[in-house]
Amino acid sequence: MTRRVIASAILLGAITLLTALPSAAAGTSGRLRIVEAGGARFPDRAFVLALPEKQQLRAVRVHVLENGASVPNVSVVPVGSAGSGDFGVVLVIDASNSMQGSAIADAMEAARAFAAHRTSKQQLAVVTFNRQSSVLLPFTSDAATIDDALASPPSLAPGTHVYDGVATALTLLRAAKIASGSVVVLSDGADTGSRLSATNAAASARRDHTRIFSVGIHSKSFQGAPLKKLGLASGGDYSEATSTADLARIYNQLGARLAGEYLVRYRSSAGPNVKIRVKIRVDGIPGTGIGGYVTPALPIAKPAPYHRSLAAEIWLSALTMFVVSLGASFLFALGVMLMVRPRRGNLRARMAQFVSLRGVTREDDGARLSERVFVGAERSLEATKWWARFVETLELAEIRFPAVQLLLWTFVGTFFAMWFLAILGGSLLFGLLGLGVPFAVRAMIKRKVERRRAHFAEQLPDNLQVLASALRAGHSLVGALSVVVEDAAEPSRSEFRRVVADEQLGVSLEDALNVVVHRMDNRDLQQVGLVAALQRETGGNMAEVLDRVTETIREKFEIRRIVQTLTAQGRMSRWVVSLLPVILLASISVLNPTYVEPLYKETFGRVLLAIAAIMLVAGSLVIKKIVDIKL
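Whatever position you read off the sequence shown (first residue = 1), add 229 for my numbering.
Fair warning: there could be bad hints in the mix.
Computed spacing ranges between beta-carbons, pair by pair [unchecked claim]:
(1) LYS504 - SER363: 37 to 47 Å
(2) ARG618 - ILE817: 35 to 45 Å
(3) GLY297 - ALA334: 51 to 61 Å
(4) ALA815 - THR400: 34 to 44 Å
(5) PRO301 - ARG424: 38 to 48 Å
(6) PRO301 - LYS504: 20 to 30 Å
(7) THR400 - ARG287: 34 to 44 Å
(8) ARG671 - ILE788: 21 to 31 Å
(9) PHE786 - ALA762: 19 to 29 Å
Mimicking BS3-like on lysine-lysine, the simulated pairs with C-alpha atoms at most 27 Å apart in a straight line are [to be verified]:
(10) LYS785 - LYS859
(11) LYS677 - LYS859
(12) LYS785 - LYS830
(13) LYS283 - LYS350
(14) LYS508 - LYS458
(15) LYS675 - LYS853
(16) LYS785 - LYS854
Keep in mind the hints are simulated off the structure, nothing from the lab. Even glycine gets a Cβ: it sits at the ideal position worked out from N, Cα and C.
Turn these sequences into a full structure, and let the hints steer you where they fit.
As structure tokens, this is what we get:
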């Protein structure tokens, strides 16, 4: 008897348990769900509310809580009463070759069944995909247009780019500005080469507050895990169809589910940069929908760290104080000297500058202090070997500025450049770049001299032809040179005038021409001096000899032009190779300063910069030496 009672109790408990399991499952699936909708800017908030079963819902039954605090003035809009921009669905259908036959027909039948649940204002779009994605139907709420688009199956092609199709659907939703967007994607195979992955597609959907409902059809190449991950990670769902005939049931359920959703809107009173937990309850329906978001932070930019301006760095530096003190001391000394020097107010002293007056001596005290300083400095420099060459070079370059003053201002410019670069770069190594000022001045002077000598060399054949013509006309060599002086252009006129003047002062014509040869660095003119010496000693037809010399010089010019043309690429390469590292370093310093910061702020980096600069200059000079061919 006891055994029968125990057996009856066990059997009754098993029956009760088996009866309770479906109820538990129903309770699990029949719960409230909320998903944040797009299109709302804080403090306005919007959530999609999905009920366990379709029913009429009023706003008074809906209660919204943010971090436990009740939110007033909640509006609830069902799909049937929503505007055209509130709800929208994109059907993404696999149009690969694996869907041939009844599969694509059943898929289109399921899509028509899904569209049948659509309300009059709910927008629908259709995207197909194979190796590329195509928009079969853009967003529309017109029933006739939707029926026409779903009436016939799309063209099939190889490839199954599932996630590219999802990306196209998300693009359509963004362009249509749908507040609550959903994507229903159908595929019977694994992805075969999409640009996006399932993770990236789901992340993009979450950013747009879009749910993805993925539906998988069992086939030989079917892989359900990526589709399941895509649906669940985006806040949607995943369903599997054992056959294509089962698609209509799944799409019917999805259509009914999406058609029974509500859009809950309210205005939040939360502060900035706060994590909010949202709970939505509905009277008469068990359970709570849970969601959340983070309120945006106030757009208050952090103040930038204080840095002194360049002007402040310059005026507050110790070097500036030294220069200002030195300048003030110089001005004070100059003022004292001007105060104690003798005055020139005497009438007889002023008249003595123009006529000789007894008892009045004209002294050099009237000269300005600066002139006396410059004259004394020039007298000191005349004792050096290089000073005469420097003065002659300035004369050839046609620089009228006094040599002493040019030297002084070059020194001042070098000092100022070193100081400015040291302040600008924050290191004395950058100040060493200021030592390039004397080299720049020297290069400018040398360029002007070379240009003057080049003009003289180009004019020489024509001048020699005029000289030969004058000799045939009966002029002497000096007379013929005078004719050349009258007809020649600068710089030939001044140089040949120097030859005529030296010859009139008793200098031999060969020596006078040799002086011009040295000044113009022109060996062709040296042949004229040899011809003049031979004509004086042995006689002969000097005009004919000058014609041959002229012809030789012209041929040499032709060869020089050919060489210059052939070496043009080398000269261009020199500048490209020399300037390219400098331009690259400057560009990277502007575009990505942190990348090259160690070169400027660390000692080893500065040493590397100095070595690179030396190697760059040396390489440029070597290339110049190679391509600079003297003829």
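Results of checking the hints against the structure:
no.: 1; hint: LYS504 - SER363: 37 to 47 Å; in the structure: holds (42 Å)
no.: 2; hint: ARG618 - ILE817: 35 to 45 Å; in the structure: holds (43 Å)
no.: 3; hint: GLY297 - ALA334: 51 to 61 Å; in the structure: holds (53 Å)
no.: 4; hint: ALA815 - THR400: 34 to 44 Å; in the structure: holds (41 Å)
no.: 5; hint: PRO301 - ARG424: 38 to 48 Å; in the structure: holds (46 Å)
no.: 6; hint: PRO301 - LYS504: 20 to 30 Å; in the structure: holds (22 Å)
no.: 7; hint: THR400 - ARG287: 34 to 44 Å; in the structure: holds (36 Å)
no.: 8; hint: ARG671 - ILE788: 21 to 31 Å; in the structure: holds (30 Å)
no.: 9; hint: PHE786 - ALA762: 19 to 29 Å; in the structure: holds (25 Å)
no.: 10; hint: LYS785 - LYS859; in the structure: holds (11 Å)
no.: 11; hint: LYS677 - LYS859; in the structure: holds (18 Å)
no.: 12; hint: LYS785 - LYS830; in the structure: violated (54 Å)
no.: 13; hint: LYS283 - LYS350; in the structure: holds (18 Å)
no.: 14; hint: LYS508 - LYS458; in the structure: holds (25 Å)
no.: 15; hint: LYS675 - LYS853; in the structure: holds (15 Å)
no.: 16; hint: LYS785 - LYS854; in the structure: holds (21 Å)
Taken one by one, the earlier hints fail for this structure only at number 12.
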